[in-house]
Amino acid sequence: MSQSTSPDDVDLIQLLTPTGQRVDRPDYSPRIAHLDATALRGMYRDMLLTRRFDTEATALQRQGELGLWAQSLGQEAAQVGSGRAASPQDMIFPAYREHGVAFVRGLELTKILRQFRGIDHGGWDPKDHNFHLYTLVIGSHTLHATGYAMGMQRDGVVGTGDPQRDAATMVYFGDGATSQGDTNEALVFAAVNNAPVVFFCQNNQWAISEPTSRQSRVPLYRRGQGFGIPSLRVDGNDVLACYAVTSEALERARSGGGPTFIEAFTYRMGAHTTSDDPTRYRSAAEEQYWRDRDPIDRLLALMKAEDAVDDAWLAELDEEATAFGEHIRTTVRSFERPSSDFMFRNVYAGPHAIVDDERAWFEAYQRTFVDVSATAGGH
Amino acid sequence: MTTLTLAGAINAGLRRALENDPKVLLMGEDIGALGGVFRVTDGLHKDFGGERVVDTPLAEAGIVGTAIGLAMRGYRPVCEIQFDGFIFPAFDQITTQLAKMHYRSQGRINLPVVIRVPYGGGIGAIEHHSESPEALFAHTPGLRVVSPATPADGFAMIQQAIASPDPVLFFEPKGRYWDKGEVDLDAAAGAPEGLGVARIARAGTDLTIVAYGPTVATALKVAEAAAAEGTSIEVVDLRSLSPLDTATLAESVRRTGHCVVVHEAPVFFGAGAEIAARITEACFFHLEAPVLRVGGFHVPYPVSKLEHDYLPGLDRVLDAVDRALSY
Ligand SMILES: Cc1ncc(C[n+]2csc(CCOP(=O)(O)OP(=O)(O)O)c2C)c(N)n1
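Residue numbers (the working numbering), protein chains in the order written: chain A, 1 to 379; chain B, 1 to 327.
Just chain B, with the same shape it has in the complex (with noise of 0.2 angstroms):
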């Protein structure tokens, strides 16, 4: 085991990923010499050399698009998007066209591109620096959309990303970047699949909430705030969004008869909505109160000022499995 952070891990993922595979290629701006700007990518372009870890024109739409067809060539393209907020101008390319490739080729061709997007906030950041975009990636078939929550899942995870077949939309938690944990360098990375089944990160009996990426770290000290008022939480980490886990899902809020969902996103028309309807859904009867959420309001990311007020914190969610339990 060794300690690493989570920006350390991925980078030990992507070291990885272009040693076993000369396929792999990143690409993006500000990723070779300077390392990313947040240094994801540290190191690689002076091992690997500027023909696999390539600084792009400043151009989203070009980087994903060329990403498109080096994947027709038999590339396997890992583009980083310096910010949340500047995956934009590339979503054209994301959804209409990696999205469906797969789909309107007849299978016949596969692109296994991986979109890394540092997202989130509680950064102190200016405007487009702090968004979580990830449910507008969700909703379009084609994608699978993922996010750790851990070093040892950042290292496993972007592995899985790269060797899976199919174009991946990898949501790095930027405000969790430097938490550290432990990472076995030497396992195996685990078959692509695994990336869309749920962990539980903290098991519980009383309350689920479910959380992925930056919010399962919040989850987790809520859980503990709430062990020590003699409430037991279990706290599901989905890991991916797009397959969801819902078995993993459904198991767990049968058991508990209560959930709360929490993301950083805004909570109108996000993630949480969808998960919300498909707990109701599968478990029904054995819900004691309706499914809960905590995110972001209905309002552009604010100043940074007030991210604390808009982002899903101990508080707001502690208030909300406080109205769950008392129904």
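So that you can see chain A by itself, here it is in the shape it has in the complex (with noise of 0.2 angstroms):
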């Protein structure tokens, strides 16, 4: 077993097992206590359909509709749970596999795709979901974040007693990001403006190949506490749990307490991308382990213990999981190849000579191509 700290650890927070028995805290479990079995149910729904997504986008990639995909597989509790704590005003900075935060922030997730289809280096417009670009360079995004809650309090949007208008922003990044400079920078910048800001990291407990004892020897957590920061680590496979612990950092962030760390420990079930072979450093044996504590499966059984579910709903979001796989798959096989003078667009807000002219250039290149042979391409 690779893990450098037990999940067993006395400071998880955890409202429910892994078997599905809930866990009575008097610091948190005010905070679900609104949850009923229709909110429930919406939890398992958007952590089914996410991994929907994964699953069928892991299958597109194998095809060779995508060039490569980074799976959520596993991490649908964290991602659900803190993603359903946030509000439309609030400001998220995802990395490249919240997929599931995406889902509950109302992004259409076949937009993902086409970052990943090699046809955008995007895919969408943040402001629409106030759900920012995917951010590959390890760790960048954090002080964006950073920055973009600092522009909110000078907004006046901090601390106003409005719940309509009170915002925070929350970024997410992993356990190998946490050892980047960026990422503890933007700790220092957040704790010193006392900036409404949550840190959201999901311990999957591998950065690739390397186990998080590569990036730390103290629980991930502590470092935010040495920058001053509230920092809690929460069962990150617990939907219920990581539901509670954000919409309190969120809260304190929103009324104008500053910033908060939480780690979400949990497990990445699958590879780190498609392109990568765990089986080169990680033994069959833990991937079993946590199997066995999947938090899908963890949610299910507390529904079925509380009767929040029967099978006639079960059945109907089956079907609707079927439909939207179909929907995935063609939707992604109609993403046309943009045209070629995509690449010269938007490199700058103004004209700019140099662009212009090797666009020029390239048109006519182009044509030469037509003319000549008239078969457009293959150059």
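In case anyone wonders, no lab produced these hints; they're calculated from the structure. One thing to keep in mind: the hints can contain errors.
[Said to hold, decoys possible] Examples of chain B residues lying across from chain A (beta carbon under 8 angstroms, computed):
id: 1; residue: Pro57
id: 2; residue: Gly124
id: 3; residue: Glu127
Quick caveat, the model's predicted, so the values are computed rather than measured. Here a beta-carbon is modelled for each residue, glycine too, at the ideal position from N, C-alpha and C.
Build the complex: two chains, separate frames, hints provided.
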């Protein structure tokens, strides 16, 4: 087993055991008291459809429809629980596997696949759902999130007491990202500015092939404490606990109480990406250990125990997932290669003589192929 | 002679360096059990252990910054940056510290640090995984900047780079990692000074194509295609951008009178501009056409579905060859 820190840690905040029994905590249980059967089913649906999306995307990559895929498999509770705690006016900065958060924000998920198909570097308008583009350079967006939160402070949308108005920022990153200079600087800036930003670290225990023990000798949430930021560790496979701690942290940020660092202890059940081969660095036994702690099964066990779900509803959801899968496959297959001039667009907001010249040259060059051989492309 | 891929040849060169000098250390992200995302360090962690083949925390500034300190203690660190686009967190350490320490200390401190960077495109990757930032480093005094194009050079040059008393940016054309070639594993690596010497990859008389790293293979294909039409092209594989082997270049272009420079990096303010200017100065009266450049456009590396429009492929280089010859 690779864990540098045990998931049975006494500091681990849990409201649902791996077998789906509720844990009563005076500090956090009140935060989920309003989640009735409908809300639980909503969470379950979010997690299940996120997984369906992930499974479809993985298959599409195998079929050559995508260049690469980064799975969210196993991290659905951390993503859906935290994402559901955010308000529409909150701004989210994801890393690159936050498909569950994207789903909760209302993003049409196939837009994510544009980047992985190699036809777009982004794929959506971040303003539409207050959900920024994916960032691939590890840790760099933690600073953007902090600066964005500093902007919120200046715009008077923090601490007004109006729940429709008060806003915060939340940024997602992995255990590996905690080593990066940018991430540490973001914690410094957030702390000294008391910025309304929640640092949501999904410790999935692996940064490609490196276990978290290569990044830190203390549990990651204690890093946040060192910066003077309230920090905690939550069971990242417990959707209720993730919801509870994130809603507390966002509330504190929106009300002017400053940043929080959340370490969600979870597991990357899949490969790092479809290019990765985890058999080179971790054991099948470890993978099995975490498969037995699947976050989706955990919530289902609770719902069944509390009669929050019946077979008819599950069958309906199953049908919805099947249709969703079909939609994903047909949408991705319909995504066309952009025309060549796409690469020259939007390099600058205004005209730029060099780009304009090169674009004109390239267009003329392409026409020579059409004229001479009547076959475009091929160069 | 042994047939090896470029990745395999660099692996063999690293192994040789680890065997020959106990001060050689490899450091980088995922270079241990995984063997690096391109498997260039495959098996080395197993054979030399975690003290010499070090899986580092995920922090490029940390990798290069600590390599500087290790070098000050007499070690010879070989850092791996996982992809070209991820070298920038280390840019400060490389340009303000690594490049200048020898100068500032009046030669009292040597920093024999090698930074290996898989670079270049054509592999269908997402953003930040296909870039060619070599000119940024060649523009920085104090750094040597090289790029092997063949397995034989990969094997020899990595050893020369490690033996070099200066910091070396070692750019590995990742799109050519699986290209095979003959490597003499018994050959001595040669002195580190050999790093700066260009190679005539193919002799010719009508035009010189100057290439390095990933574009050498492209240039050779162009020469092949042109030969079928009766044009004789010479291909110079630079191997090194800093220093630049101006003598070999000038000698070639004086003979051919025509020159086309090819690199994947954007042409605007790229290595080709420096090369063209030097050739023009050295060969002005021998030139029958301006030195032409073919490379990337002044745009961020595009989405992968368009990368073959962006990259200097066979047709675009042939087009430049035609323009130069019909000038
Ligand atoms: C600055 C930088 N260096 C290296 C990489 C290559 N890389 C991509 S993902 C990754 C591991 C990230 O691990 P972690 O932060 O734990 O997130 P996870 O992928 O597990 O979600 C690495 C090293 C990168 N994207 N950016």
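>> Given a cut of 8 angstroms on the nearest C-beta pair, is the interface hint for Pro57 (chain B) held or broken against chain A?
In response: Holds, about 4 angstroms.
> Does the nearest C-beta of chain A fall within a distance shorter than 8 angstroms of the C-beta of Glu127 (chain B)?
Replying inline: Hint on Glu127 (chain B): holds, closest Cβ of chain A at ~5 angstroms, below 8 angstroms.
> Once the shortest beta carbon distance from Gly124 (chain B) to chain A is found, is it less than 8 angstroms?
Replying inline: 5 angstroms, holds
Going down the numbered hints, you'll see the structure goes against none, and every one checks out.
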